[in-house]
Amino acid sequence: MSIKKTDSIAYLFKEMDPSEKVEFERLLRSNENLLIEVESLRNISNRIDGLPEISAPDNILQSVCERASEKNKSPKFVRSKPFFFATAALLSIGFMAGALLIESDESAKSAGNASVGSVGSIQTTATTNSAGMATDREITPWVDKNDIIHYTGVESERQDSLLENSYRRLTPVTNPSQSSSYQRNLHLTGSRQ
Amino acid sequence: MRLNNSDHIPRRYEQMKDRELVHLFRKKDDQLAFQELMNRHQAKIYSYIYSMIQNRETANDIFQETFTKVITKMDDTYNEQGKWIAWVMRIAHNATIDHIRKQKRFVDVSSSYDEESKTDFYERLPDEDTPGQHDQLELNESTSRLLKHIGNLPEEQRTVVMLRHYYEMPFKEIAELTDVSINTALGRMRYALINLRKMFDEEHEKESNNI
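The listed protein sequences derive, respectively, from chains A and B. With the working numbering applied, the first sequence covers 18 to 210. With the working numbering applied, the second sequence covers 45 to 255.
In case anyone wonders, no lab produced these hints; they're calculated from the structure. For each residue, glycine too, the CB sits at the ideal point set by N, CA and C. Careful: at least some of the hints might be erroneous.
Distance windows between CB atoms, simulated [said to hold, decoys possible]:
no., chain 1, residue 1, chain 2, residue 2, range
1, A, N48, B, L183, 35 to 43 Å
2, A, E42, B, R241, 42 to 50 Å
3, A, S47, B, E101, 23 to 31 Å
In silico SDA-like pairs for lysine to any residue, Cα to Cα no more than 25 Å straight-line [to be verified]:
no., chain 1, residue 1, chain 2, residue 2
4, A, K22, B, E220
5, B, K242, A, N48
6, A, K31, A, E70
7, B, K117, A, K22
8, B, K242, A, F30
Working from the sequences, and respecting the hints, build out all of it.
Here is the structure:
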């Protein structure tokens, strides 16, 4: 067993495993220098053990105890139960009202879109940027009963060019097995009215 | 070491565990429970602070600061699963080390040996930081000497010695508290004991020469 400098401290302060302790004691019997070091450290350690505990002054202890007794006397809103529950109730009512308002707003919007006559509509905000087509207006595609795509918010000639542009981007599928699993029941039949 | 005016605390509190007392104080604002906790631990905490600082006034301030934090933070940061005393000890240790570091910055001297005065940093510290004429503690001579020597140890060695002595803290916990490895903590204890032995030897030599 190789001796580490800290082994003597671990031994003195009983921080060794039983097996390590046995091995270290065996070394102590055979190594006089190690024994001298351990005994010398033990001697100083015993002196430290004699250090008495020093009590804090009474006035300091008293002031600490007073502070502890004042701890819960300080006004804390949370500690007042009726106030706490009233605040909690008010907050939850507020949240619920807010949520209902948002919900009704959204349902009104979707109702407006449904009135256009779409079977399934997809809401997007598109900013196209082809020649002369830069626009910040909202273009909403929707699909009719015959699965034909239409765009609301676009004049008919713009719609044609928009569709034309879209078709040009379509590329034939060369390897269907590698196609994405992402599928939608939307057919671009290309029917133009 | 019990408080002088602790006779009014019922005996059943003495039989409770720290955890139960803390629970009573936190949840039911039971002042007797807090006083019992103080009874049990104040001397250890105060002794640690005093042995590290070695100035009565400063030790009083740090002790109060520690318990102010204990009282105000107990509801928020103390987790009842852990030992209460270890949590308090950590606060006391941090407050003590903060003070020592502030002092060092304030004094702004290097810890190297000064050839001119033949003294090191700890010997050049102002008198008010070592037990002496300003100190109001009445300790016997051998305790005073030992405390003086401990006060002359480098801060990190002193910390390990005092944490071990007053809290019987395992080296693993000392290592965690001081943010070092166990081997470093053990090594610091070894150097502390070797340094103390040297100081006692030098003192003994001086006394022999005077005779």
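Failing hints, ascending? 2, 3, 7
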